[in-house]
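Chain residues, written in single-letter form:
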Amino acid sequence: MTPPELGADGPSAASVLELRGVSKTYGQDPARVHALDGVDLSVRAGEMVAVMGPSGSGKSTLLTIAGSLEDPTSGEVLVCGMALAGMPPDRKARLRRRLIGYVFQDFNLLPGLTAAENAALPLELDGVAVPKARAAGLAALEALGVAGRAGWFPDQLSGGERQRVAIARAIVGDRRLLLADEPSGALDSVNAAEVMRLLHEACQRGVAAVVVTHDAQLAAWADRVVLLRDGRMTGATTRPPGPESLLVPREIR
Amino acid sequence: MSVPHALLALLSEGPKYGLQLREEFEAGTGEVWPLNVGQVYKTLGRLERDGLAESEGADHDGPQKRFRITPRGEEALAAWLRTPPDLSSPPRDELVMKVLVAARVPGTDAHEVIQAHRLYLLELMQQWTRLKEGEARDDLGLALMVDAELFRLDAVIRWLDAADVRLARAAAEPPRPSAAPAPAPRLRRLGATR
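Residue numbers (the numbering used here), protein chains in the order written: chain A, 1 to 253; chain B, 1 to 194.
Among the hints, a few may not be true.
Covered stretches of chain A (chain B as the covering partner; in silico rule of three or more C-beta atoms under 8 Å from a C-beta of chain B) [unchecked claim]:
id: 1; segment: 192–203
id: 2; segment: 231–238
Label-pair ranges, simulated between beta-carbon atoms [as the list claims (entries may be wrong)]:
id: 3; chain 1: A; residue 1: Leu125; chain 2: B; residue 2: Arg169; range: 43 to 49 Å
id: 4; chain 1: B; residue 1: Leu95; chain 2: A; residue 2: Gly242; range: 22 to 28 Å
id: 5; chain 1: B; residue 1: Arg169; chain 2: A; residue 2: Asn191; range: 33 to 39 Å
id: 6; chain 1: B; residue 1: Glu135; chain 2: A; residue 2: Asp29; range: 53 to 59 Å
These aren't lab readings, by the way, just hints derived from the structure by calculation.
Positions of the beta carbon are idealized from the N, C-alpha and C atoms, including for glycine.
Using the sequences and the hints, build the whole thing.
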């Protein structure tokens, strides 16, 4: 299923999200606030990037701009190779609905809808025919291992199952970019890690994800951790070697 | 880490051979802590000398001896589990030293030093997390070990974050006029030679 927005030339680069020199200021001089200051970030398909920084560092602004909910003051944003600047609002809204999935802190499942209906909701809101939307919703539940709960309501599900349904809803259809703002909010550390595991697995199946968090243990699930401070990118981890380096090789014992 | 008590714990499951103890020790810690055979036999010798374990010599002719835990060994193990480890004195931490030094050496940007360590620690945490994602899923011993390491590294990163803020604040504020010079408090052991 290729979203119509991709057009004939398709995404030119493997980058699902590309920020080029993105700045965002609020207010007027002399009280101008630089929320983001010349941020460059490229996220490939299959890659999970964590954005870490103290509160007020610009993490959430970065996410709203990446999600096309706000325009940068300067700089360029490309989603699947398409520049958002100058895109008509209706086209931008369609791109947002079809290509971008959001994971919310509190999961936000609608209580009156079954798991399958919740998962299919973004597609139905986008005007996809109900049977087709339901089939995609079911496929997403399947990918998260909760297809067996399709007909259940949120209050009948365990906390872990609700997490899975919420992530299924975020990846339903042909979403290429997952955006998550402190996705594990108030969960205990074992359940928070489970959310990150599920997001990382979704990336391994091909989507790109940007996860904003202030928690190093959650950020460590990402393939790359980017540090933000006062609106600037101050550093990033380089792809770490595999975990083998932590284990003692048998031959040298 | 206490190897003698870890071996006693394994013996509390039943009599075992030295090599078997080594294998089970390494498997139980997710193979993160290697143990050589010499160390195993040396420790068993000491446990035997102290009456905490004994070898089954009489009913066994082979070159290998089986060891079993004694009632005194069981008591010692139970007591050790409940004895708090010595966390009361700050350890002489290399990273703490580096940041303290970076803050004093002229021409050194302590924030840059902190940032380099922060990135290194995050990469290390990513590696441990890959273990958690893979091998540790079905290995409880390894999962517990990996969590312990992640919490430890997380705490170090948080300390770096706090140090970063503290140094920035100290640089922004003029030094406070010092009152009568009072002797600075000394941490137990930290300043003393060990």
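Against the structure, the hints:
1. Requiring three or more residues with a Cβ within less than 8 Å of a Cβ of chain B, the coverage given for the segment 192–203 of chain A holds, as 3 such residues are present.
2. Only residues whose beta carbon comes within less than 8 Å of a beta carbon in chain B count, and the segment 231–238 of chain A has 5; three or more means the coverage holds.
3. At roughly 48 Å, the beta carbons of A/Leu125 and B/Arg169 sit within the given window of 43 to 49 Å.
4. Against the hinted window of 22 to 28 Å, the Cβ-Cβ separation of B/Leu95 and A/Gly242 comes to about 25 Å, which satisfies the hint.
5. Between B/Arg169 and A/Asn191 the CB atoms are about 35 Å apart, so this pair conforms to the stated range of 33 to 39 Å.
6. A hinted range of 53 to 59 Å holds for the C-beta pair B/Glu135 and A/Asp29, which are about 55 Å apart.
The earlier numbered hints are all upheld by this structure, with none contradicted.
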